[in-house]
Each structure stands twice: as structure tokens, then as C-alpha cells.
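Protein chains: 2
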Amino acid sequence: MSLPKKHLFDLPDGIIYLDGNSLGPLPKGVTEVVQEMLTAQWGAQLIKGWNACGWMEQPSRIGTTIGRLIGAPEGSVVLGDTLSIKVFQALAAGLNMRPERRVILSDSGNFPSDLYMAQGLIGLKQAGYELRVVAPQEVGAAIDDTIAMVMLTQVDYRTGRMHDMATLTKQAQSAGAVMLWDLAHSAGAIEVDLAASNAELAVGCTYKYLNGGPGAPAFIYVRPDLADQLAPALSGWLGHDAPFAFEPDYRPAAGIERMRVGTPPVIQMAALEQALCVWDDVDMADLRAASVALCDLFIAEVERRCPDLTLISPRDGTKRGSQVSFAFAHGYAAMQALIARGVIGDFRAPDVMRFGLTPLYIDAADVVGAVDILADILDNRLWDTPEFRTPKRVT
Amino acid sequence: MSLPKKHLFDLPDGIIYLDGNSLGPLPKGVTEVVQEMLTAQWGAQLIKGWNACGWMEQPSRIGTTIGRLIGAPEGSVVLGDTLSIKVFQALAAGLNMRPERRVILSDSGNFPSDLYMAQGLIGLKQAGYELRVVAPQEVGAAIDDTIAMVMLTQVDYRTGRMHDMATLTKQAQSAGAVMLWDLAHSAGAIEVDLAASNAELAVGCTYKYLNGGPGAPAFIYVRPDLADQLAPALSGWLGHDAPFAFEPDYRPAAGIERMRVGTPPVIQMAALEQALCVWDDVDMADLRAASVALCDLFIAEVERRCPDLTLISPRDGTKRGSQVSFAFAHGYAAMQALIARGVIGDFRAPDVMRFGLTPLYIDAADVVGAVDILADILDNRLWDTPEFRTPKRVT
Chain A
1 MSLPKKHLFD LPDGIIYLDG NSLGPLPKGV TEVVQEMLTA QWGAQLIKGW
51 NACGWMEQPS RIGTTIGRLI GAPEGSVVLG DTLSIKVFQA LAAGLNMRPE
101 RRVILSDSGN FPSDLYMAQG LIGLKQAGYE LRVVAPQEVG AAIDDTIAMV
151 MLTQVDYRTG RMHDMATLTK QAQSAGAVML WDLAHSAGAI EVDLAASNAE
201 LAVGCTYKYL NGGPGAPAFI YVRPDLADQL APALSGWLGH DAPFAFEPDY
251 RPAAGIERMR VGTPPVIQMA ALEQALCVWD DVDMADLRAA SVALCDLFIA
301 EVERRCPDLT LISPRDGTKR GSQVSFAFAH GYAAMQALIA RGVIGDFRAP
351 DVMRFGLTPL YIDAADVVGA VDILADILDN RLWDTPEFRT PKRVT
Chain B
1 MSLPKKHLFD LPDGIIYLDG NSLGPLPKGV TEVVQEMLTA QWGAQLIKGW
51 NACGWMEQPS RIGTTIGRLI GAPEGSVVLG DTLSIKVFQA LAAGLNMRPE
101 RRVILSDSGN FPSDLYMAQG LIGLKQAGYE LRVVAPQEVG AAIDDTIAMV
151 MLTQVDYRTG RMHDMATLTK QAQSAGAVML WDLAHSAGAI EVDLAASNAE
201 LAVGCTYKYL NGGPGAPAFI YVRPDLADQL APALSGWLGH DAPFAFEPDY
251 RPAAGIERMR VGTPPVIQMA ALEQALCVWD DVDMADLRAA SVALCDLFIA
301 EVERRCPDLT LISPRDGTKR GSQVSFAFAH GYAAMQALIA RGVIGDFRAP
351 DVMRFGLTPL YIDAADVVGA VDILADILDN RLWDTPEFRT PKRVT
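As given, the protein sequences belong to chains A and B, one line each in that order.
Residue numbers for the first sequence, in the working numbering: 1 to 395.
Residue numbers for the second sequence, in the working numbering: 1 to 395.
Among the hints, a few may not be true.
Unchecked claim - Have a look at the derived ranges for each label pair, beta carbon to beta carbon:
(1) A:A242 to B:R98: 30 to 38 Å
(2) A:P73 to B:D376: 46 to 54 Å
(3) A:A40 to B:G369: 22 to 30 Å
(4) B:A196 to A:A242: 37 to 45 Å
(5) A:D145 to B:A349: 43 to 51 Å
(6) B:A327 to A:A195: 49 to 57 Å
(7) B:D228 to A:G75: 42 to 50 Å
(8) B:D376 to A:F244: 21 to 29 Å
(9) B:L311 to A:F244: 18 to 26 Å
(10) B:A365 to A:I15: 48 to 56 Å
(11) B:E36 to A:T385: 27 to 35 Å
(12) B:A300 to A:F244: 29 to 37 Å
What the hints assert, rightly or not - Calculated lysine to aspartate or glutamate pairs in the DMTMM-like style (CA-CA distance at most 25 Å, straight line):
(13) B:K5 to B:E191
(14) B:K28 to A:E32
(15) B:K48 to A:D363
(16) A:K48 to B:E387
(17) A:K48 to B:D366
Simulated from the structure, these hints should not be mistaken for lab results.
The beta carbon of each residue, even a glycine, is placed where N, CA and C say it ideally should be.
Using the sequences and the hints given, assemble the complete structure.
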């Protein structure tokens, strides 16, 4: 593998893009593949596209491709829906595996939608269920034999702090709990070995480090030995054993296929499948080494040149995902000023300036160039104008 | 309005497409709009697209457009997810409105996924809930004061039989039940006046008569006076009152926005929004009249020339959607033979040959041309070859 693979992306001129952890950039070839899908598949094949163009198998086919990036065996990952829906599915399935327990354990560093979906599920179950949220560093100590499931996002969306997947999974399972990992900021960002972790369930999204495009579908992993036992709560027809028999009662399909729900978003799937070609010859160990080096360089440069910013990500690269965050009281305005100068990171309330460093299309020169501009903005208080101080809705 | 609008679609040469009730054809302009979305929006704007390109408002904006076609006021419809997920959301919300009741009433003509999703929800609630399924003609008599919700698909996917929305809604509500309509085969096919019906909830899909493309997102309607009271079970971050405040607890957004869940499929949304432009000057009363006339013509021609086929759709156009179905013992093989000759309908087990007649792009000449070929196939038993008799997977 050679990194970076900047030549495989259509990046706008004059932009240093440090927000691939929110939305990855457009890989080359995606536009052409989607156009072909629209005209030669949908347009020309019409309803026949479902069979003739492989639309029906796409969610599993892409699942296998993503599986290779996260240490999941063939046939254990399927695409569909949004990450929030996949969290709900995984939680419902996991609770069903521990019917005598009532607690979902998570942490305050989890992405809020994961917590919200747990709250919604608990509201439905009406039987004394509880979502227990502790600080990230207290998760291990909070695992006991009342816990039905431990639900964690491996890499904290704000700070990049990374949980130890193997250790926490082992701890959860020793206490009899089911382990669910959210890999939103892991897949395509760090080395993940789901099979080795022995975790029962995992979910993730594909529009961040996997560059699948805005609203690209999510994925769900079920440990292969469990897939045939899970009771799907979102029991849609495409998870049925015989969807086109139109039987009156739900019978789950074999294996991971039962985690499908409704008709897959074929246009998004086409974009995603092409976007994943970037990964064909990427070795995740190489990528991880390059990512840690870029993050280390960024931290060193910012700390050397921008003393007003305080690192809130782990300094130790082995405890950090592929992003670096700094706290700064005027972080919102500074980020707007930075974006106006062509360095795109993002801001998370209350004061977090967040930068994704993705070695597929970011190199050391980009890092130094970005800090040049950041230092100039801070040294000269260029953020201190009404244009940048006025909060707009931040995505 | 002038019908048909065949010039607004990219239909393949030599094809008579009578399956727009499964997947509508490609409207002109969609490919160009999607290409622009990929390059000028995602590619050039990157993460800024969420604000700069209106991606965040798209689900509500498209909801308003679709609302005009189904008699729903502005701000009462939102797009997202799949129809199965929207059915689940609507069922969970409706059951929550009648906490003292335990029965969901539906009919055997409903699309199976709607029934499956109800089964999945009931499995979660663990409190004596029941899905009661009766024959379509027995729904009225089965409504009593044990029923929490009545869930019906207005137009039967197999036969085209149409429920009387106003009457059944009134009957359900008189018995204290919440009414949920699935408009999968109604939206864009017939006149629907949701507001006049007074129904609490409705859902539908956009890849059939609305031509949004394979896997286009679904929609959900909530009667405006109820929207602020509903408790969303699929409580995702984009249905939160302040998604970007990243609060630990879910607080539903005002109105229909709370029925959003996760990140919307922006590429699919772009295709759908362009596809809906076809409807700009369509009067639904004109469309309905044209649809009934086409279906009547098709029935008359088939009955005159194909005596082996038995009509299973209502003969009375006022009791039928925009499709016509015939039973034929060799229906599977006959449909394959028909498709091979360029007339695309579809088959539904065990013996249903189904034809969608959509006046936007089908005219009387198409109907006569299709029956010419059908009659030839039947008269000469052209279906009776191994090629067509061998069942393949049917979508």
C-alpha cells in the first residue's frame, strides 16, 4: 500500500479537509458509477434491476467488503437503514438474549443518538428497564451481574478517546453481559478485530471514514454463532426467510440477513460500494501507523504554535482514534475563521475544535499547512469578528 | 394538466411498462440533478453541504411536496427510512395513545411487512398485545372497543381492491381506535384527502407511483393536532429538539420533525425531490379519471381477448386503485413470456398477474399494445416453454 491516496479523491482546490470524521470526501469514480446505476440500471432495467443488477444482494456484498476492514468474517455484516436504527436493532436483540436482566450500561462519551435510541427502546418495553450512563473511565468498574448489555462507542466523537475493545468485551462477558460496539469513528479509522474481541454485536456508519456519501447506510455485525438465534425486533420483509412468498407471519432469514428490514437505498448503496474500492489494497496496520503519526505531528505543531488551545484528546496515540480535539473558549468563532480560510474541521459544543486526520488523503504537508493558518488566526485574533462570532446552526 | 407526461420519463424503447406500482421509471432530469448533487454539493461543499445545500431541511421540504398529493397540510409529512420503519414508528406512537387497549387490527390484504413489523413491536412490548388479522371485507365488523389501532393499506398490493378511507376511519375513531393508513399504493395513484379523513397517522413509500428510484425513502404523516403529543419510539438524534446540542437525554422536536430518526439518505433524497417535479401541474382528479379509464380499457380488452384470465380486481373503478390483476394458473410463466416480449408487469404468488396502469406515462395505445402481446402469448401457449416455466426468484 502507498499512502496517501489523495489521487483517488475529488478534493476541492485550496481546501485542507480535516472533517472526514463527519463526512468523508467524494472518491473518484462514484459520480460515474451512480450515473450508470441511474441510467443503465434503473432507467433501462426498471423493476428487473433487482435481479439483473444485483440490487438485492448489495447489502450483504458490501457487508463482506466492510467486514474485511473490521475483522468480521464473510457473511457476518449487512448494510441498511441508519446507524440509529441499527443501534435499536442491536439493543433489542441483545436485551432479548438476557431476559432476566434490566440494565443497559453506556457512557457519557457515547454519541447521544445511541443513548436516545436506548431510551426509546426502554420506553417501549415497559418492564423496569434502565439505561445507566457512567463516565467513560468508569465503565469497567460499573460492569456487574445486573448488566444485560454494555453499549459503547469505541472512539469518542468529541475527544477521540478510544476504549480498549478486547478488555472491556472480556469484562462484560465475564459478568454475563452482551457487548455492543458502535464503530462509527472506528471503521476505516483504526484497526478493529471484531472476531478476536468476541463481541456479540457491532454497528457502524459508512459516511465518515468509509466515504460513502451523505446519508450512506449503516452496518450491523452479529457474531456468527449467534446470528441464527437472534429475534429481530424490526422484523421487516427483507429480513424474512422468504420475502417473496408473502407469508402472513414473520420467519427470520438465516444468519445476518435477518437484520435487514425494508427495501435498501440502492442509489446510496451504489455510491458506497464504489467508494469502498479505495480500500482494496489498504493495509489497516499501515493506515493506523500513518494516522497516529499525523495526529502526533498535528498535536506537536499546535502545541508549539497555538498556546491558547488545550489538547483534550489522549496524547498517547494508542489510546486515540484518528482525530484530535482541542478546547478553546472561542472555538466556535475560530473554527468559522479557519473554514473561511479553507481548513475544514468542525466544532462541538461547548468549546471543542475537532480535527479528523485521515491518511488516505491527508499528509504531513497538509498538517503543517493547516497549523500555519490556525496559528495566524489565533495570533492575530482573526476569529474576533461579528461574522465568525455569530453562531449559525452547526452541523 | 395534459396527460400523459411520457415525455418527462426516460423509458426504454420497445417497452410497455406496467409495473410502476413496484418501481416507477426514471424521470428525466434525475440523473443530472444527482450528478450535480455529488460533484457540486458533496464533492465541492463537503461537510458544509448540510447547511449550504439544504440537506438538513430536505426531508421536511419533500414532505410538503408529497403532502400536496395526499391532502396533507404543510408541515405534517416528513421523509426518511423505509416504509417498514415508518410503520413501526406509527404503530408504536398509536399504541402509546391508547395505553389501556391491546389489539392492532389489520387485514389479510395488507402488505406482509406491515404485519411483520407489528409482530416485532408486539414482541418488544411484552404485555399481552395482539395483532388481529381479518379478511379485508370484515374489517368494519371487527372494529370494537378493544381495538387500539386499525392499520390498513388502502389499496391491496395484490388485487388493487381499495378500502373506503373516510368510512373506515370514522368507524375506527367512533370505537375509540387510532387509524393508521399505509398509502404505498395510493400516493400518486389515486386521490387521497388525509386531512378530510381525520386519520391520525399515515405512511407511504415513494419508489412506486412517485418514481423516486429504487430504495427511495418513505414518508410519515401525523395529524397536526397530535404531532406535539406523540412519543417517538425510534428516538433518533435528528428527531431531537436540539440535535446539535448533543444533550444526554432525548427531547422530541416540535411537530412532525420528531418522526425523523437518523441521518437522511441525501443522494436518494436528491433523486426523489427531482422526480417529484413531474407532479408540478398534475391535478389528482384528472389523474384519477385517466387511471380509471385506462384500467377499464385494460379489463375490457383482456376479457375480450384472453378468456383464460380471471379478473380478481374490483370491476368498479371507484373501488380499485391504479392497478389491475388477473388470476391465471400459469401466471408465472405467462408473465415471464410477457416480459420477454417487452411488456413488464409482475407476478405475485400463487397465480396473480399484476399490471400497474399509470397515466403519467401509459396511454390507451400502450394498453391495447400490451393486450395484443398478451393475447398472442396465451392463444399460442408461448409461455409453455422450460425457459418461462422455471421459477426464478421473483421480485
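Broken hints, numbered, in rising order?
-> none
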